[in-house]
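K.L.:
Sequence:
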Amino acid sequence: MASRIGTGGRATRGSEPAAGSGPSADPQAPAGPEAMDRAALPTSLAAAWGVVDAEGSRGPKPAHSVEEIVAAATELADADGIAAASLPKVAARVGVTANALYRYVSSKDELIVLAADGAWGDPPTLPGGDWRAAASAWSHRLFERFLARPWLLDVPTTVPLTPHNAAWLNALIAALAPTGMTSKELLSCAYLLDSHARYDANLRRNIPTPAALRGSGPERQRTANAVRSFLDLQLRSRGLNAVADVMDDPAFLADKPSMDGFEFGLARILDGISAHVAR
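Residue numbers (my numbering): 1 to 279.
Don't take every hint at face value.
Restraint-style ranges between C-beta atoms, simulated for each label pair [as the list claims (entries may be wrong)]:
1) Val277 with Ser229: 43 to 51 Å
2) Ala39 with Arg228: 31 to 39 Å
3) Ser107 with Asp37: 14 to 22 Å
4) Gly261 with Pro160: 44 to 52 Å
5) Ala224 with Ala177: 13 to 21 Å
6) Val277 with Ala39: 20 to 28 Å
7) Thr97 with Thr157: 46 to 54 Å
8) Met247 with Pro178: 54 to 62 Å
9) Arg205 with Arg279: 33 to 41 Å
Simulated crosslink set (EDC-like; lysine to aspartate or glutamate; CA at most 20 Å straight-line) [claimed, not checked]:
10) Lys108 with Asp130
11) Lys89 with Asp122
12) Lys108 with Asp122
13) Lys89 with Asp194
14) Lys108 with Glu144
Calculated directly from the structure, the hints in this document are not laboratory data.
Think of the CB as a built atom: it goes at the ideal place given N, C-alpha and C, for glycine as much as any other residue.
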């Protein structure tokens, strides 16, 4: 089976491999895709890593590229969420029929995987010599990425690793490695930091701040006030006063809360990792 191994660019389905674009002939190099069970791989995983079939395509040269298709999907997702990056809408944006997209991607799932990988972008440059500062910087950049592109929170995790999120993971693991933690511990720390950033970003997306509510129009603010009053009544009538008291704390209603939930949680996670490393 002919294939192309990319290092960032994508091969249009059916295109011939570029000269010199494949792996070296070094006998000590890891086995290439031909030595793997390609039929068992999700097509979106292979495509994300730039490995696509180069057989079975006939007809004129494609008028567009995979990069153009992915860029259109990304623009739609940035504007209106992941649901907007449907094949018909992407096709309309590019100026082709929906069926024509299958010359570039095998499915919507593959298109979303490619768009998400590109949306991650390159990992941040982390400070050296201080694993905690590096992990904090990594977490902040990840959190900011989710806030800037909240649709990344909705991407199904059907593909284990794509080039850009693997690069992010690599940056964090390299920063944490000097602690002497085991491979499993390093991955667990990465999962913990990633989960914290995802959860808090999703919380901010779904629960606006008081200041954001005031700027969103009177009807939405009216709804929020009604919900708050309703829950306070229901909680107290059922003896759930601890929850009601916490939710009624003026700190939660301030435009700028005295305690940032993301910062507090991140600090406690890093404290825990530090205590674990010090054992």
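K.L.:
A separate judgement is required for each hint: does it hold in the structure or not?
P.N.:
A quick look at each hint next to the structure:
1. Val277 with Ser229: 43 to 51 Å: Holds: the Cβ-Cβ distance is about 47 Å, inside 43 to 51 Å.
2. Ala39 with Arg228: 31 to 39 Å: 55 Å, violated
3. Ser107 with Asp37: 14 to 22 Å: 20 Å, holds
4. Gly261 with Pro160: 44 to 52 Å: At 29 Å between Cβs, range violated.
5. Ala224 with Ala177: 13 to 21 Å: 45 Å, violated
6. Val277 with Ala39: 20 to 28 Å: 43 Å, violated
7. Thr97 with Thr157: 46 to 54 Å: Roughly 30 Å apart at Cβ, these two residues miss the hinted range, so it is violated.
8. Met247 with Pro178: 54 to 62 Å: At roughly 42 Å between Cβ atoms, Pro178 and Met247 fall outside 54 to 62 Å, so the hint is violated.
9. Arg205 with Arg279: 33 to 41 Å: Because 37 Å falls inside the window, the suggested range holds.
10. Lys108 with Asp130: 41 Å, violated
11. Lys89 with Asp122: 27 Å, violated
12. Lys108 with Asp122: 24 Å, violated
13. Lys89 with Asp194: Distance of about 31 Å is beyond 20 Å: violated.
14. Lys108 with Glu144: 26 Å, violated
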